[in-house]
Structures are given as structure tokens and as C-alpha cells.
Amino acid sequence: MRIVIIDDSGARATVLEEGLREAGYDDIHLVPPRGAFVARLERMAPDVVLMDLGNPSRDTLEEMLVVSRALAKPIAMFVDQSDDSMIASAIDAGVSAYVVDGLRKERVKPILDLAIRRFNAFARMQAELDEARTQLADRKTIDRAKTILMGSRGLSEPDAYALLRSTAMNQGKKIVDVAAALITASDLLGGKS
Amino acid sequence: MTPIRIAFLGLTDAAVLVAAREKGFAQTEGIALDLLRDTSWATLRDRLVYGQVQAAHMLAPLAVAVTLGLSQQLCALAAPFKLNVNGNLLVMAPGFAAALEPDTNARLHDPLATAHDFAAAIGLHHRKPIIGVVHRFSSHALILRYWLASAGIDPDRDVVLRVLPPSLMVEAMRAGEIDGFTAGEPWGSAAIDAGLAEAVAVGERLWQRGVEKVLAFRADWLEANEATVDALVRALAKAALWCDDPANRDELAQLLAGPAYVDQPAALIERALAGRIKARRDEAPVDLPDFLLFAREATAFPWKSQALWIYSQLVRWNMVKPSEEAQAAAAAVFRPDIYRRALAQSDVPMPGASMKVEGALDQPLAIGAPRGAITLGPDRFFDGRAFDPDTIADYLASFAIDR
Numbered sequence: 000m001r002i003v004i005i006d007d008s009g010a011r012a013t014v015l016e017e018g019l020r021e022a023g024y025d026d027i028h029l030v031p032p033r034g035a036f037v038a039r040l041e042r043m044a045p046d047v048v049l050m051d052l053g054n055p056s057r058d059t060l061e062e063m064l065v066v067s068r069a070l071a072k073p074i075a076m077f078v079d080q081s082d083d084s085m086i087a088s089a090i091d092a093g094v095s096a097y098v099v100d101g102l103r104k105e106r107v108k109p110i111l112d113l114a115i116r117r118f119n120a121f122a123r124m125q126a127e128l129d130e131a132r133t134q135l136a137d138r139k140t141i142d143r144a145k146t147i148l149m150g151s152r153g154l155s156e157p158d159a160y161a162l163l164r165s166t167a168m169n170q171g172k173k174i175v176d177v178a179a180a181l182i183t184a185s186d187l188l189g190g191k192s
Numbered sequence: 000m001t002p003i004r005i006a007f008l009g010l011t012d013a014a015v016l017v018a019a020r021e022k023g024f025a026q027t028e029g030i031a032l033d034l035l036r037d038t039s040w041a042t043l044r045d046r047l048v049y050g051q052v053q054a055a056h057m058l059a060p061l062a063v064a065v066t067l068g069l070s071q072q073l074c075a076l077a078a079p080f081k082l083n084v085n086g087n088l089l090v091m092a093p094g095f096a097a098a099l100e101p102d103t104n105a106r107l108h109d110p111l112a113t114a115h116d117f118a119a120a121i122g123l124h125h126r127k128p129i130i131g132v133v134h135r136f137s138s139h140a141l142i143l144r145y146w147l148a149s150a151g152i153d154p155d156r157d158v159v160l161r162v163l164p165p166s167l168m169v170e171a172m173r174a175g176e177i178d179g180f181t182a183g184e185p186w187g188s189a190a191i192d193a194g195l196a197e198a199v200a201v202g203e204r205l206w207q208r209g210v211e212k213v214l215a216f217r218a219d220w221l222e223a224n225e226a227t228v229d230a231l232v233r234a235l236a237k238a239a240l241w242c243d244d245p246a247n248r249d250e251l252a253q254l255l256a257g258p259a260y261v262d263q264p265a266a267l268i269e270r271a272l273a274g275r276i277k278a279r280r281d282e283a284p285v286d287l288p289d290f291l292l293f294a295r296e297a298t299a300f301p302w303k304s305q306a307l308w309i310y311s312q313l314v315r316w317n318m319v320k321p322s323e324e325a326q327a328a329a330a331a332v333f334r335p336d337i338y339r340r341a342l343a344q345s346d347v348p349m350p351g352a353s354m355k356v357e358g359a360l361d362q363p364l365a366i367g368a369p370r371g372a373i374t375l376g377p378d379r380f381f382d383g384r385a386f387d388p389d390t391i392a393d394y395l396a397s398f399a400i401d402r
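Residue numbers (numbering that gives the first Met the number 0), protein chains in the order written: chain A, 0 to 192; chain B, 0 to 402.
You may find that some hints are simply not true.
[To be verified] Stretch by stretch, here's where chain A covers chain B in the computed footprint (C-beta under 8 Å, at least three residues):
| # | stretch |
| --- | --- |
| 1 | 21-27 |
| 2 | 162-171 |
| 3 | 374-388 |
[Stated by the list, open to error] Facing chain A, from chain B, some residues (calculated, C-beta under 10 Å):
| # | residue |
| --- | --- |
| 4 | LEU69 |
| 5 | SER70 |
| 6 | HIS108 |
| 7 | ASP109 |
| 8 | LEU111 |
| 9 | HIS115 |
| 10 | HIS124 |
| 11 | ARG135 |
| 12 | ALA174 |
[Unchecked claim] So these bits of chain A aren't anywhere near chain B, every CB distance computed over 10 Å:
| # | residue |
| --- | --- |
| 13 | VAL14 |
| 14 | GLU17 |
| 15 | TYR24 |
| 16 | LEU29 |
| 17 | ALA44 |
| 18 | ASN54 |
| 19 | ARG57 |
| 20 | VAL65 |
| 21 | ALA69 |
| 22 | SER155 |
| 23 | ASP158 |
| 24 | ALA161 |
| 25 | LYS173 |
No lab work stands behind these hints: they were computed from the structure.
Beta carbons: idealized from backbone N, C-alpha and C, even for Gly.
Throw the hints in and build the complete structure from the sequences for me.
Next comes the structure, spelled out in C-alpha cells:
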């Protein structure tokens with residue numbers, strides 16, 4: 000079974016491809032959705048096409064599926080329209096799957112299940128990474144604001160932090176937002192920090 | 000508060016939805032409106048059809064196509080509210096446009112002459128021109144086909160229509176993958192501003208009151224959630240009035256420019272809102288006061304005749320086999336009954352009829368309305384043909400080119 004993954008994110012496509020190979024599929028091709036990717040895809044004559052739901056080139060792909068004379072069999076989205084929960088979880092995970100007409104459901108389901116799991120895992124990984132980055136950035140901002148307060152008001156570090164926290168609470172804001180405002184104000188006033 | 004999620008694409012004509020959320024019109028009606036931006040019509044369609052969102056900012060022809068089972072999963076959709084009229088721009092690379100009328104004001108105001116120039120330009124071009132369209136089931140693609148065919152250009156033989164999402168059009172121009180494109184704003188203006196293209200035709204001169212985006216629901220959901228649908232329609236009617244008011248233009252352009260919405264410069268977005276389109280980067284803008292309508296002339300009213308015009312074009316280009324059932328299903332997508340029900344207690348003027356002859360008005364016309372007065376603007380097609388929804392077969396027979 001020939002599976003084509005259309006994706007420009009190297010990382011996500013790799014995660015998916017690895018999963019498929021571990022599951023025993025070996026005819027897997029990665030195609031980035033750029034330039035004449037549709038012509039490439041036509042030549043490959045895939046049985047299954049997997050694509051990120053957020054990929055802007057989905058309309059281009061679907062147009063090819065409508066007009067292509069090169070593809071022997073029509074390809075339609077998802078395999079079994081009656082399986083609503085499967086389709087819903089695919090959409091939640093951000094996977095769209097196009098499958099050659101006539102391919103049996105039992106043969107496609109494991110591929111789609113795997114794609115959903117891998118897409119979800121990738122999304123979790125990405126979210127954790129983003130969160131870690133944000134936390135790091137927030138901490139740096141708060142540290143800088145504390146330094147400004149310690150320098151200009153002669154506060155100890157815990158007192159500087161307490162002042163930021165109480166200000167944030169009084170204004171209904173996040174500590175990092177108060178810290179960022181303080182840094183901006185200090186920069187405007189020509190303070191060094 | 001009733002939570003409602005609506006999917007949209009980053010286009011200027013998502014304005015009414017953005018204003019409904021950002022200016023509190025939805026909240027006033029008890030709706031917690033969440034807007035979800037997509038980058039392809041396919042994904043927006045899937046979210047609607049499979050229930051991830053309750054409604055979508057949809058190309059009117061796509062709503063008809065999904066209902067007729069022409070675009071993946073068949074699903075009956077219902078459009079009780081049009082989000083805008085007009086708003087599209089056809090742009091071509093300067094090299095190609097050099098064979099057209101050089102005075103861009105004259106070029107844009109005489110689409111019939113420009114279509115014939117375009118036919119000549121194809122002959123001068125080194126290969127078939129490739130024109131980007133956002134979707135086969137888009138108003139822009141249908142009116143582009145209509146316009147090309149008026150000058151004897153067969154849109155399936157003499158040019159290549161390539162489907163690309165609006166946000167990728169400018170890059171495709173830069174890479175030389177397409178020679179021009181037609182899309183909703185601000186993407187045409189973005190290509191013009193980058194010096195990659197100039198304006199060749201504007202929607203409001205091709206069909207003076209062209210059907211464009213609708214608010215689409217799944218028909219079963221719409222029937223099961225009357226109160227919520229009505230509240231949303233009321234909120235959108237108020238938002239549309241706000242969007243049409245020139246006093247709010249700057250603020251609206253700023254809102255749309257935000258990273259969550261169109262994510263393009265406000266000055267670029269403002270051109271479509273003001274109806275002042277720069278046809279070339281360094282030229283003074285051309286005045287096109289009907290470039291994009293949100294509220295006036297009962298813009299939002301879903302005339303069934305407009306759904307049927309879409310159907311007629313799908314038949315013309317052999318995208319659907321003509322049948323009584325398909326025609327009835329297409330007409331049923333537009334739901335003036337819901338519009339009337341939702342706005343019954345409001346002071347929004349309401350047309351008495353649900354169908355009209357499209358393209359029959361040369362001059363503004365005051366029409367009878369049960370409440371208030373409505374003046375319909377001129378709605379001519381550039382070739383002077385009128386579409387009578389009662390005689391679709393005759394209408395189609397009047398065209399020289401079809402499939």
C-alpha cells in the first residue's frame with residue numbers, strides 16, 4: 000500500500016512516517032506542498048494521502064482529485080463516512096485522509112488510527128515545548144523587573160517580587176504583564192536595567 | 000451565554016463576524032462568539048460538516064456544492080444570512096496586463112472591452128496564462144469563467160485555472176507559478192502593493208451586486224437551534240450596519256489587521272472598505288463605491304434567485320447534472336424564511352419577495368417592503384444579460400460557450 004504524506008513540517012511528517020514504518024508499512028513518501036506537488040502526487044498514484052488539516056494547500060489537492068485524469072481510481076476523503084467518531088477524532092487531531100475508492104475499511108482504519116495518535120502526540124509535544132519556552136521567557140522578564148525595583152527602590156529580591164505580585168493582584172493582571180510594563184516604563188524613562 | 004464557534008478565512012469580508020465579536024454585538028444577544036481561522040476552504044468545510052463549528056464564513060457556491068454532494072461528504076447546508084456582496088479583484092502580472100487598456104480607470108469600468116483585450120493578450124502570451132482561483136466552487140471562479148467566455152475564451156481550454164488558497168496567491172505570483180489570480184481582498188491589493196500585479200477586473204463591475212460569502216450552518220443544526228440562530232442573525236445584522244458606516248472604517252480596518260484575523264496592514268485592508276482600489280502600485284486609487292457592501296440595500300438578505308444563479312453556472316460548466324431535484328436543493332440552501340423570522344422584531348427593512356430577476360436593474364429602485372423602505376442598487380451583469388430564475392434553461396441556452 001502506497002502512502003503519501005503531504006507536509007512541510009519536517010518534524011511532524013517524520014514522527015508520522017516512523018510510526019507507519021514501525022507498523023510495517025514500507026511504501027511511504029513525503030511530499031512538501033510546494034510548487035508542482037500535485038503533478039508529483041499524480042505520478043505516484045498513492046492509495047492513501049495523509050495531510051495536516053491546517054495545511055493551506057488542501058484546496059489545491061482536492062481540485063487535483065476532481066480533475067485528474069492520471070489517477071486510475073477516484074480518491075475521496077476518509078474511508079467510511081458512517082464512522083462519525085473516527086472522522087471527528089481525525090479532525091480533532093488535525094488529520095485529513097484521502098483514500099482510493101474501493102480500498103477496504105479494515106485496511107485503512109489502522110493507518111488512520113495511527114496517524115491520529117501520532118498527530119496528537121506531536122501536538123502535545125509541541126504544546127509542552129511552547130509552554131516551556133513561555134515559562135523561560137516569563138521568568139527572564141520577571142527577573143529583569145525585580146532587578147529594576149531592587150536598584151531603584153532599594154528592595155530585597157523577595158520584596159521586589161512581593162511588590163510585583165501584589166500590584167498584579169490589585170490590577171487583575173498577570174505578574175509577567177506587570178513586569179513587562181515596568182520594564183517598558185523604565186526603558187522610556189532612560190533607566191538602565 | 001450560548002457559546003458559538005464560527006470558522007472563517009483571513010479575508011476582508013469576514014468583517015461582519017469580526018465586528019460581531021469585537022464590538023460586542025454577539026455578546027449583547029447572549030452569544031459567546033468564538034472565531035476560528037482556517038487557511039483552506041476544505042478545512043473550513045470539514046469543520047462545519049463534521050460539527051467542530053456551528054457555522055462558517057463560506058463561499059456561497061461552496062455551500063450549494065456541499066449540499067449537492069459535489070464537494071466530498073454530502074451535507075445539507077443552510078444560509079440564512081449573506082455576509083457581504085462583491086469584494087473581489089482579478090489581478091494579472093504587469094507583463095500580461097501590458098496588452099490591456101493602459102488607462103486602468105477605463106479598463107476596470109469597461110469589463111466587456113477588457114475581456115476582448117484579454118483574449119488578444121492570451122495570443123501574445125508565450126503560453127496559456129495560468130490564473131489562480133481560490134476554489135472551483137467560488138463566486139470569483141464562476142464570474143471569472145462568465146467573463147472570459149463573454150469574449151470567446153473557453154475557461155477550460157484557453158487558460159489554466161489553478162486552485163490556490165488566497166493567502167498563498169502573492170507568493171505564487173512572486174515565484175512565477177501563476178500569471179494572475181482572482182481572490183477576495185486584501186490579497187489582490189497585496190499583490191499590487193508588492194509590484195507583482197495590477198488590477199484587471201473588479202467584481203462590482205462584472206456583476207454589480209454579486210453574491211459572495213454567506214453564513215452557512217448545517218441544515219439540521221439550524222432547525223434544532225432556532226433561538227440561537229435568530230440571536231446570531233440579529234447580532235450580525237447590527238454588526239453589518241456598523242461595518243457599513245464610513246465613520247467606523249478606520250477602526251474596522253484596524254480590527255481586521257490583527258494577527259488573529261486577516262493579519263495584513265490596515266491601510267491595505269482599508270482600500271476595499273473605502274472602495275478606493277489602487278490598480279497599480281504607484282497610481283492614484285480608482286473610485287469604486289460599491290466595491291464591498293455589508294448592510295445597505297438589504298445586502299444580507301439571501302435571495303433564492305442568487306442561489307439559483309449559482310446553480311445555473313454549475314450546470315453551465317458541467318459541474319452538476321441538471322435536474323429538478325438539484326435545482327430545488329440548491330434554492331433551498333438560501334433561507335430568507337429564517338432571515339425574516341430572526342429579524343421580525345427589529346427595524347431592519349425586509350424585502351417582501353424571496354426571488355427576483357437578477358441583473359435587471361440599471362438604476363437604484365425603491366421596492367415595496369412590509370416594513371421600512373428598501374432601495375435596491377443597480378445589479379447589472381456587465382454583458383447586460385438578466386437571470387430570470389423561472390427560465391434557467393433559456394438563460395443557459397443564450398450562452399455561446401458552455402460545457
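### Task
Sort out which numbered hints this structure fails and list those numbers smallest first.
Hints 1, 3, 6, 7, 8, 9, 10, 18, 19, 20 not satisfied by this model.
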